[in-house]
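Asker: Residue numbers (the numbering used here), protein chains in the order written: chain Z, 513 to 861; chain F, 513 to 861; chain G, 513 to 861; chain E, 513 to 861.
Keep in mind that the hints were calculated from the coordinates and are not lab data.
It is possible that some hints are incorrect.
Put simply, identical chains are the same to the list, so a pair is met inside one copy or across any two.
[As the list claims (entries may be wrong)] BS3-like mimics (lysine-lysine), calculated; alpha carbons at most 27 Å apart, straight line:
1. 720 / 819
2. 819 / 516
3. 819 / 620
4. 609 / 598
5. 766 / 581
6. 631 / 583
7. 766 / 518
8. 583 / 764
9. 581 / 516
10. 518 / 819
11. 766 / 583
12. 620 / 516
13. 518 / 609
14. 764 / 620
15. 720 / 766
Number of protein chains: 4
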Amino acid sequence: MSTKLKIAIVGSTGYGGVELMRLLQSHPYAEITSVISSSSAGSRVTEGYPHLQHIREEVLDDVDPQLIKQKADLVFLATPAGVASKLAPQYLAEGLKVIDLSGDFRLKDRAVYEQWYRKPAAEQADLDQAIFGLAEVYGSQVSDAAFISNPGCFPTATLLGIVPALQAGLIDHSTLIVDAKSGVSGAGRGASLGTHYSELNENFKAYKVNQHQHIPEIEMVLSQVAGEQVTVTFTTHLVPMTRGILATSYAKLKQDVTEQQLIELYEQYYAGRSFVRIRPQGQLPATKEVWGSNYCDIGFSVDPRTKRVTIISVIDNLVKGAAGQAIQNMNIMMGWDETLGLQFVPVYP
Amino acid sequence: MSTKLKIAIVGSTGYGGVELMRLLQSHPYAEITSVISSSSAGSRVTEGYPHLQHIREEVLDDVDPQLIKQKADLVFLATPAGVASKLAPQYLAEGLKVIDLSGDFRLKDRAVYEQWYRKPAAEQADLDQAIFGLAEVYGSQVSDAAFISNPGCFPTATLLGIVPALQAGLIDHSTLIVDAKSGVSGAGRGASLGTHYSELNENFKAYKVNQHQHIPEIEMVLSQVAGEQVTVTFTTHLVPMTRGILATSYAKLKQDVTEQQLIELYEQYYAGRSFVRIRPQGQLPATKEVWGSNYCDIGFSVDPRTKRVTIISVIDNLVKGAAGQAIQNMNIMMGWDETLGLQFVPVYP
Amino acid sequence: MSTKLKIAIVGSTGYGGVELMRLLQSHPYAEITSVISSSSAGSRVTEGYPHLQHIREEVLDDVDPQLIKQKADLVFLATPAGVASKLAPQYLAEGLKVIDLSGDFRLKDRAVYEQWYRKPAAEQADLDQAIFGLAEVYGSQVSDAAFISNPGCFPTATLLGIVPALQAGLIDHSTLIVDAKSGVSGAGRGASLGTHYSELNENFKAYKVNQHQHIPEIEMVLSQVAGEQVTVTFTTHLVPMTRGILATSYAKLKQDVTEQQLIELYEQYYAGRSFVRIRPQGQLPATKEVWGSNYCDIGFSVDPRTKRVTIISVIDNLVKGAAGQAIQNMNIMMGWDETLGLQFVPVYP
Amino acid sequence: MSTKLKIAIVGSTGYGGVELMRLLQSHPYAEITSVISSSSAGSRVTEGYPHLQHIREEVLDDVDPQLIKQKADLVFLATPAGVASKLAPQYLAEGLKVIDLSGDFRLKDRAVYEQWYRKPAAEQADLDQAIFGLAEVYGSQVSDAAFISNPGCFPTATLLGIVPALQAGLIDHSTLIVDAKSGVSGAGRGASLGTHYSELNENFKAYKVNQHQHIPEIEMVLSQVAGEQVTVTFTTHLVPMTRGILATSYAKLKQDVTEQQLIELYEQYYAGRSFVRIRPQGQLPATKEVWGSNYCDIGFSVDPRTKRVTIISVIDNLVKGAAGQAIQNMNIMMGWDETLGLQFVPVYP
């Protein structure tokens, strides 16, 4: 037990934090040694989350860096935007490894961050240090990192669906349109009219159209892959369900390509990666088929009538879109198999 | 048009108020002339409820009695507990008819109110004046009233299911247990963790067990019917749906009685009443079968093994449990057919 | 009563038929005189739909044209694809007016029908006779018709969202992509794994991608409006809810246009029409905001970064997407106000 | 690997079978060596369950006992009622250990089985051999067993909630009423109108009132505990959610007892048991708090007004109510810690 990696979770009263607890519970080489919340320090995790009775009964610590340093080797930051930019540098200064689940260190251009997030950006030096933890694309960088910026939920689903085709030069990126749909848990635990049951149940709507802060994150990665500036139309919708993201991506094909060829291309791109599953021809993934797991499933439809490809990619927003991917990054940072502690079968039905 | 009854709705930004607007829109003899909200006065109803675009575009008035008197003949109070006790007397003093949808005037014993609601009770004189508007039981009192206290949602479903059998002396009231289940809209529009989508979806729970403020209301009516003090065990549960209440009531039968006899008894009790439907033998009602309508549907199962009867009664909590019943009471007060403006077919599916 | 238009509904045990019953219940000039089902003739409507107790208790008739002619003046056909093509000509031959809610008479090209529906097409002469009942676009044709083919649910939402902009020459139709989402009731009442609760709840998925039979219907109308062949990419998704369609339509703008200009254009296009509501700038409609009503609500987002417009249009698939629109067409055929019997306020929440 | 216990699952295309696969995937001492389905033999599990891609790709075997004997040591039977009664004796005859998840071997009285299940009962000799696998009550019998009859989902939730109080003589069993509520997955994967999404969503109803086949199972155990015949009123309701059972049990207290005393009694009764969690005073469990896990959580409310206790007990019907409890029984049969492979944290939210 004493040789396990010691983990602190900052933001333990949010959905991201509590999902980290669920997943890390069975990790063979890591153990949670401190659960932290600035707002609820001193109370027990089980006060807000009775489902953790008998599992995690400890008292919540405060965010103090020196205290955390005494207790832990690695910190997960599951805090709202604008908090990690202040905390992460302090933890790094103490020699802690840091994995940030918020958006504070994803965008490397401070002006872009401030435009989309409407908050002060992190310091440039800190931004430069943070590795964007989309392991299936930037795996080699992740394995050397001490500080990871975990990708957003929408970018994860979107990018895993588009990157291989874009990198292979198959699609005209000027025609890229991503129509994304998310369950409600992505909005976090804060109560508001926008997450009020009676308003969302038996309802479907778009939100933050053309204004979602994940747009520049998607464009940043696609531009790196394409080697030129990529601009996308990206829409988010709210689905009356708790977990799951489905991204439907559309692009004009630059050449004739079959669904089978796309499948082979993607299988090759993701060879050696455990959490991307390419669906056989004629089969498209549903969000429930990855529910509770770290998988991203991808399927294709090529339309000869319009010369467009439709790519469907799905994730569980709290796992591959947040806590699961963060643990995957931890595994890679530590030189472990990326699947450690993450071999959950999707819960179906 | 000028001869229609003029209606003011206080609490127009809540679910009760907005449901009154929906139902009154097609009333042949009444028209809304003022929509009122103390918190949102000066803004438009459509700001909070875009679904009313082109239907109700007016600006919200404040709660001022004299202003309301100029605009209206009858006031519906769809306000939280503790508000109507202050407003209703002012409106009555202006000569307005008043129908209060809150719990403030239901319990005639001030001490009981204060025990269960944990708020100051209304004045005794005002309480004495308010008629309890369960028309199927107290219809003759309603028809003479100027001031109606509209029954609660749980009491409506529960009482309509139990009263005929109790009055007929068929059940031992000391064995009465009511297990009630409600959709989430009963909690109103105020956002809280208790109504947060991700917490309620795919979840079922009990709440306020043995502490719900509707318990004394149920007991008040049952005691009047029985002619002696009745005490019930009453439990409320929250169902992951927006509308609907189902009450499952259990009691020991004092004599052998068949389901068919119960059906006949209830048909007779509710003869001439339009909104109670007794199900044929072997059929039990589901909440969706009254959705959006003013019906209360009732079915029976008699168990010869245990000598108990199980009574299932369902309503739409926002219609028969609130706005619809209030309009039904208005119709009766005005000497009109109780179904005016309320002949909505349940929306199915 | 005897002067009311007499209505027969064929397919009365399906969701379309039962929704016709709900809506027609309060129509001032029409009354249902025969409810018809080939599969359930001789039984009562209430056997399958207990919510109609006390409302519609009659026995279901068979599909016999001569019988229907004796009872009715106008027939609604709410039958599956492949049935109306056989029945409608028989009813027309009897001198009955016919409004068909299925897809059998929408596509005028028999080969196209047979390609997408994989069933034998109706006779060409019958196809030529049927008016495509999208009243907001083809209103003048509807007012003279004796035989209406009611549009599909997806085409209704999609076309009302796109047609004004396309007709005004504002969008490049070669870039049109429609990402549509529907509640489950569109699949009808037939039980299957695809509509099994445990498979759909807390799940979101695409289906019939690039293969939906509504694609040629959308393209038929858009081509007529554009004056040249239009081909669209159209995707359907299943939302875990019962009612509602939201279509997100994307197109490249051919010129600079603001959201406010689009709003004005659409207001003008739909002037005099009662069931299309254009949302004010910055507001996008949600499906619940038209729930249970015949409205189609439309909102816009123009993205200067990508020069694309995103159009969001919503309907209740069983009302404006089926039964409500059919009654609207009946009203127009009969020379009545199109809103008769359809002035339902959306049910919210 | 070769030393692991080899497991065969009969009924692998149902929800019980697929949940066994999910849970056993991470069991340290057992491995699935054969997945079996009489109806789908020869096809792949992933054809019906795409979420198992990359996890379980094997071809389904047929139910042949000799084949299974070659491949496995222990068989889980996750088949409908009426199937296990025929298969289990054949597997036992081959020397296989058997855990039956159906109701075929729970009731020891053949006449009672045939009355409630309306099917031919298993042979008496086989019934006598099967141990009722409610480990928290019959743990010592389970540890010696070769043939386990796994309890039903409703009996599990109900009995764990009632047994300690009944055994301690605190409640008058003649007053026992159990009002149970279940998610839809308990109905299995077979499509029917009763599990059709549009019929269940936004709906709540009772079903099989006083007729559920779990009633005699509950009474059998309670009678053994009480030492005399116990008859209960038991009602089942369907909740619009996929997983979860909540049982609300009511009984008259035979003596004054506080909630804290009940908590202590239950803590003592379940001492040493890992999967029952007694909630602290004032807290009642919700189904989501055990979702995906093998826990049964129990809470109490004592009402001094009525001298009744209300006991709320919750489980995930597919885990503690089926597959999880079956694996727990396997662990105990094998002499292992009962939690092996079952230490799943509830998935929240």
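Asker: With reference to the structure, classify each hint as holding or not holding.
Answerer: These are the hints, each one checked on the structure:
| no. | hint | result |
| --- | --- | --- |
| 1 | 720 / 819 | between (29 Å within a copy, 17 Å between copies) |
| 2 | 819 / 516 | neither (53 Å within a copy, 52 Å between copies) |
| 3 | 819 / 620 | between (35 Å within a copy, 25 Å between copies) |
| 4 | 609 / 598 | within (15 Å within a copy, 59 Å between copies) |
| 5 | 766 / 581 | neither (52 Å within a copy, 56 Å between copies) |
| 6 | 631 / 583 | neither (31 Å within a copy, 48 Å between copies) |
| 7 | 766 / 518 | neither (49 Å within a copy, 51 Å between copies) |
| 8 | 583 / 764 | neither (52 Å within a copy, 51 Å between copies) |
| 9 | 581 / 516 | within (15 Å within a copy, 41 Å between copies) |
| 10 | 518 / 819 | neither (52 Å within a copy, 50 Å between copies) |
| 11 | 766 / 583 | neither (54 Å within a copy, 51 Å between copies) |
| 12 | 620 / 516 | neither (33 Å within a copy, 50 Å between copies) |
| 13 | 518 / 609 | within (11 Å within a copy, 42 Å between copies) |
| 14 | 764 / 620 | neither (29 Å within a copy, 30 Å between copies) |
| 15 | 720 / 766 | between (30 Å within a copy, 24 Å between copies) |
Checked against the numbered hints above, the structure violates hints 2, 5, 6, 7, 8, 10, 11, 12 and 14; every other hint is satisfied.
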